[in-house]
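A.B. asks: Could you build all of it, start to finish, from the sequences and the hints given here?
If you're matching positions, the sequence shown starts at 419 in the numbering used here and goes up one per residue.
No lab work stands behind these hints, which were simulated from the structure alone.
Warning: the hint list may mix true and false statements.
Stated by the list, open to error - Computed list of lysine-lysine pairs in BS3-like fashion (alpha-carbon distance at most 30 Å, straight line):
no.	residue 1	residue 2
1	466	432
2	432	488
3	432	447
4	447	488
5	466	447
All of these numbers come straight from a predicted model, not from anything done at the bench.
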Amino acid sequence: MGDFNAKSNVWSPKETDRRGEEVLSFISKWNITVVNDPNSIPTYNCTKGESWIDLTLTRNITDRHIREWKVHDQETLRDHRLLLTEVNFQKTGRTERRIILKL
Numbered sequence: 419m420g421d422f423n424a425k426s427n428v429w430s431p432k433e434t435d436r437r438g439e440e441v442l443s444f445i446s447k448w449n450i451t452v453v454n455d456p457n458s459i460p461t462y463n464c465t466k467g468e469s470w471i472d473l474t475l476t477r478n479i480t481d482r483h484i485r486e487w488k489v490h491d492q493e494t495l496r497d498h499r500l501l502l503t504e505v506n507f508q509k510t511g512r513t514e515r516r517i518i519l520k521l
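C.D. replies: Below you can see the structure in the form of structure tokens.
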């Protein structure tokens with residue numbers, strides 16, 4: 419997870435910018451998956467505007483392991499919203515749940 423300051427229609431409703439093209443090239447080269455939902459509320463919101471610049475990326479984790487990805491709309495002390503990613507891992511016949519929040 420991270421603040422990439424890059425725009426792309428892969429993870430947002432906005433057009434792809436130069437940084438977005440660079441991130442997409444990196445993602446393609448390393449076989450990385452973007453978990454973000456392009457129809458979500460913006461991950462960044464301040465008086466200057468809003469954007470979808472925070473990304474959740476995975477590698478070697480299939481879509482079936484991602485149970486939930488969500489941008490929380492509650493206020494925080496930052497201009498970036500909380501991202502929730504819930505991942506299920508199968509271990510010896512039981513399901514292990516991990517919830518990851520980007521702060």
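A.B. asks: Hint by hint, note whether the structure agrees.
C.D. replies: Hints, verified against the model:
1. 466 x 432: With Cα atoms ~16 Å apart, residue 466 and residue 432 stay inside 30 Å; holds.
2. 432 x 488: 18 Å, holds
3. 432 x 447: It holds: about 23 Å lies between the C-alpha atoms, which stays within 30 Å.
4. 447 x 488: Roughly 26 Å between the alpha carbons, so the hint for residue 447 and residue 488 holds.
5. 466 x 447: It is violated: about 33 Å lies between the C-alpha atoms, which goes past 30 Å.
Violation of the numbered hints given earlier is confined to hint 5; every other hint is satisfied by the structure.
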